[in-house]
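Asks: Line order of the protein sequences matches chains L and R. Using our numbering, read the first sequence as starting at 81 and increasing by one per residue. Using our numbering, read the second sequence as starting at 87 and increasing by one per residue.
Since the hints were derived computationally from the structure, they do not count as laboratory data. The structure presented is a predicted model; accordingly, all values stated were derived computationally and were not measured. A couple of the hints might just be wrong.
[Stated by the list, open to error] Straight-line alpha carbon distances no greater than 25 Å define the calculated PhoX-like cross-link-like pairs of lysine-lysine that follow:
hint, chain 1, residue 1, chain 2, residue 2
1, L, K131, R, K218
2, L, K131, R, K123
3, R, K353, R, K123
4, L, K292, R, K353
5, R, K172, L, K249
6, L, K140, R, K218
7, R, K353, L, K185
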Amino acid sequence: MDEVHASLSGVQSSGPQTGVTGSGVRDPKPETLDPRPQTSDHNRIVFPGDKVWSTPVRVKGCYVSGEATYASVLSQTSGDRLVLLRGFYDPQPGDAVIGYVSDVKFSGYNVEIFQPYHAFQSSKELRFEYSLGEVIIAKIKEVSETRSVDLEYPKQLKDGRMLNVEPFKVPRIVGRKNSMINSLKDLTGAEIYVGANGVVWFSGKNSSLVIKAINMIREEAHTTGLTERVVKFLQAETGIENYTPRVDEEPAGGSYSRSPGDAGSGSGEGRRYGSRDRYEHRERGGDRPRDRGGDRRSYKPRGQGYRR
Amino acid sequence: MMVSSMNQVSETQNPKLLKVDFMAKKKDGLKLIVDGKRLDGRAADQLRPVRIEAHVLNDANGSAYVEWGKNRVLAGVYGPQECIPKHDASPYGALIKCRYTMASFCSLEEHGRSGPNRRSIEISKVMTDAFKSVIFTEYYPKTQIAVFVEVLQSDGGTRCAAINAASVALVDAGIPMRDMVTAVAFAKVDDQIVIDAAKEEDNFGQADVPVAIGANSKEILLLQMDGILSKEEMQQGMEYAYSAAEYLHRLQKDALERVFTTTAQEKKETFLRM
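Whole structure, please, built from the sequences with the hints as guidance.
Replies: Below, the structure is given as structure tokens:
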């Protein structure tokens, strides 16, 4: 009986009793953390309230109290960086997000971005109109004080599938210098868009393989050497040999990246979602030109589920 | 006194008989602590065995399962999500909605339908208050964070088990918090201060004090007292509670770390064991 019960006096004298891995992993002495760890292999999991650095550093997943920095979400130190293992999406202007039109209003569209934030795409400077349920990718123009999101430069995504991933795993899906997303595109032949809100949109014949690969990334998001393993997995599935992950010189703006076959994505500067894209819509036939005739009826959406 | 085998069988078969019998014995002066050992053989400063598993539900943002002696508690966290009803939403921060419920089958006592009752509404309220002071609610205006805790089996000290489970589930969900929360109860039983009172000690003891403590800051986030204690007894109990909180915090961190260190196969086995 005494063995199974955790004796408090025992805890105090003999230290950790169960499941503590290695020395210095769980309860690192303050001097090992002070100053900021320099070695890249010094990885440890930090929990909310744990002291990360003894200097004030304002980064995501941390808060500063007094002169020290403490973790506020579950994360892992990686050298002098902090990698989040959990977390929610924090909308920032410039991020590309993917969502569907959830409501059509007189002045624009409510877009469901699967986050607790209300996203709105104004139809003011829009040459196209969308209807209920259509999937769009758009850039965040502005985030209000109460986290209402205004979108700009929408573009319709047609004939694809959406997959929800945890937003804090999006950097792993994109990879360093787009290496992961490029490998996914090259090896599966799919067209893939990743929204910073954690929505992955893809189309192509090999969609089941894309889902498998993305689920693999999700499950192993906290591990190292992931790109090599995903490439190996995809090579085994597709039979493609001799592939090395393609890296882009310029990191893509936000988490948004384009398909290799997409027109206008050749140079690095074109990767930012800019005005040029708006004119491509008509050629692609994805978006319908907006009726500017002033006829109110033209605003009536054509999807199912429309209510007055 | 000789007890017939027939009586023994009926006692073990009918839990209600057992309970009545216990109450009668207590009236006759049954000791809850004999030779420094409690009814279940523990010393005054011993906790019941505690096991914590994090990330046990697939669709919740965060979840945890706690086994604490005979207590079994499951916690799930959803959010930040759209606040419902909408008129409750605050532009200043997220609303925390804790919901503690006991399953109708959770103990020998009648719990009837498992909906909220006076007691569970109170516990939901004090849990909400405890977590309000550690969660950065201001990061998520106009939203709610829903914390559901279901007591599957109870044996005294479920509110502490619930707070520990909810704390792990909130961290697992990625809700930004100043600190993790640990909770433990101490009690006065047979004029002696003991940590982590079991059901009989709670029901027939002299005082029961659940405490929730900020794991790093050592702030007291919840303190309730049912009974009367002297100043010295309170100090002794708090000493126990602080060292128990340290131990529980280690278990909580362990459970969360195991989410990342265990393989898919090991995870499957964990589910089977539950």
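Asks: State for each hint whether it applies.
Replies: These are the hints, each one checked on the structure:
1. Between K131(L) and K218(R) the CA atoms are separated by roughly 21 Å; this keeps the pair inside 25 Å, and the hint holds.
2. With a C-alpha separation of about 39 Å, the suggested pairing of K131(L) with K123(R) is violated against the 25 Å cut-off.
3. Distance check on the hinted pair: K353(R) and K123(R) sit about 37 Å apart at the alpha-carbon level, beyond 25 Å; violated.
4. Distance check on the hinted pair: K292(L) and K353(R) sit about 19 Å apart at the alpha-carbon level, within 25 Å; holds.
5. Of the supplied pair hints, the one linking K172(R) and K249(L) is violated, its CA atoms being roughly 30 Å apart against a limit of 25 Å.
6. Taking the CA atoms of K140(L) and K218(R), the gap is near 21 Å; set against the 25 Å cutoff, the hint holds.
7. Proposed proximity of K353(R) and K185(L) is contradicted: the alpha carbons are some 47 Å apart, above 25 Å.
Figure legend: structure checked against the earlier numbered hints; hints not met, in rising order: 2, 3, 5, 7.
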